[in-house]
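Each chain, written out:
Number of protein chains: 2
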Amino acid sequence: MTKATAPLTKGSSGSADEEALREAALEAADRLFYAKGVQGVGMDELRTASGISLKRLYRLFPSKDAIVEQVLLGRHRKWTEGVATAVARETQPRERLLAVYDFLASWFTEEDFRGCAFINSFGELGGTSPRVAEIVRSHKDDFQKYLSGLTAEIGAPPSLAPQLAILAEGAQTTAAISGSAEPARQARAAAEVLIDSALSRR
Amino acid sequence: MTKATAPLTKGSSGSADEEALREAALEAADRLFYAKGVQGVGMDELRTASGISLKRLYRLFPSKDAIVEQVLLGRHRKWTEGVATAVARETQPRERLLAVYDFLASWFTEEDFRGCAFINSFGELGGTSPRVAEIVRSHKDDFQKYLSGLTAEIGAPPSLAPQLAILAEGAQTTAAISGSAEPARQARAAAEVLIDSALSRR
DNA sequence: GATTGCAGAGAACGATCGTTCTCTGGTTGC
DNA sequence: GCAACCAGAGAACGATCGTTCTCTGCAATC
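Line by line, the protein sequences give chains A and B.
First residue of the first sequence? That's 0 in numbering that gives the first Met the number 0, and the numbers climb one at a time after it.
First residue of the second sequence? That's 0 in numbering that gives the first Met the number 0, and the numbers climb one at a time after it.
Hints should not be assumed to be uniformly reliable.
Note that the list lumps identical chains together, so a pair holds whenever it fits in one copy or between two copies.
Simulated pairs of lysine to any residue, SDA-like, Cα-Cα distance not exceeding 20 Å [unchecked claim]:
{"#": "1", "residue 1": "144", "residue 2": "177"}
{"#": "2", "residue 1": "144", "residue 2": "184"}
{"#": "3", "residue 1": "35", "residue 2": "68"}
{"#": "4", "residue 1": "77", "residue 2": "92"}
{"#": "5", "residue 1": "144", "residue 2": "180"}
In short, the hints are calculated from the structure, not lab data.
Note that the coordinates shown come from a computational prediction; the quantities given were computed from them, not determined experimentally.
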């Protein structure tokens, strides 16, 4: 009864399994780290949650730090994708910009929402882990550059993008701490004013 | 602070010393926690940094958690004071509001600036420590209420205060991560637009 | 069928965590 | 002078951390 699956050559078939396991491990790690903080989750807890033995975890990743790094990089990919998808649904440049805040609003209503994982990680580890600090910095830089592209679409001055970014960051932390999705709407309303003001002064 | 002599009415003999020690311990704890995260600092490190023996530390405070709590409450006092002082220097209501962002700007240039301790603590411990989450929440709530008072001075609609708060929060995290004080000026510029827009629509 | 290799489960390791206890030496009260 | 007490330094404690190792049993190879 143990021969039912994967009777192929094991040399190359293990790689696909490995990738699936890696993915499962990262998913569990992401969920745990996000909910309880990186240092609040031990490798044993990750083992239990993922169902992957410690030995295997350490064959998939060289260290916990590497898992943290991969989790953050995965979050970066998902965030970038999510924002881009939300923006792509709109055609008018102004609406495309505001779509960012609608994306935030729907994210904030997820029941396990606990703020921006990058801000959280920076607060916890930014002072002691240069690698984490670097990843967070480049994530935020990426977002600013993305906003710059969107503001350029409407011909707004370059000073608008950082202001809109600050609104987004503030909405994330405020929503996390207050436990409400309202900051997304408040930030959106503020963004409208800033955008319109920038456009009228163009 | 210049205190000449220990007041007799403050407490029994030895209490003044204890209070000074408690203050010194909290000062060291604040500096270390802020720089390296709460969980990144052990009690042994706090002992070394403060020069206060473990035995004494545990007579001054019942646990590390209590120290964390006191550090946060102390930060809250200092923040509230600092903002109020900066605001009090201005007389015109609009300038009083903007003084908040000038206060941020000068804070951001401090060399050991590493963001808002409350946001950082929330990211690290908010998911596991209800007490920390509560303190952070009430600190941010306090700030919002303070801003509400300032916006009421200029007769702006109540919707303005949360927007200005979001700008301040975003400026703090963005400045921390980017390592620049620029976000304070950007937030200030955005606040001006929001304030003037709110006033013209009044 | 014997041998080899590798998987999983979890015990074990050294380090460090928050917290407590022991030991020592000096001060105080009589 | 002597007993009682208390402060300080740091060892010790149990728990837990990230990481590695051992043990066991199964599967594949000659």
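Hint check results:
1. For a Cα distance limit of 20 Å, the shortest separation of residue 144 from residue 177 across copies, 13 Å, qualifies, whereas the shortest one inside one copy, 28 Å, does not.
2. Taking the shortest Cα distances, residue 144 and residue 184 sit within 20 Å of each other only across copies (19 Å), while inside one copy they are farther apart (23 Å).
3. In this assembly of identical chains, the alpha carbons of residue 35 and residue 68 lie at most 20 Å apart whether taken from the same copy (16 Å) or from different copies (18 Å).
4. In this assembly of identical chains, the alpha carbons of residue 77 and residue 92 never lie at most 20 Å apart, being 23 Å within a copy and 43 Å across copies at closest.
5. In the homo-oligomer, the alpha carbons of residue 144 and residue 180 lie at most 20 Å apart only across protomers (18 Å), although the nearest pairing inside one protomer, at 25 Å, exceeds that limit.
Of the numbered hints given earlier, the model fails hint 4 alone.
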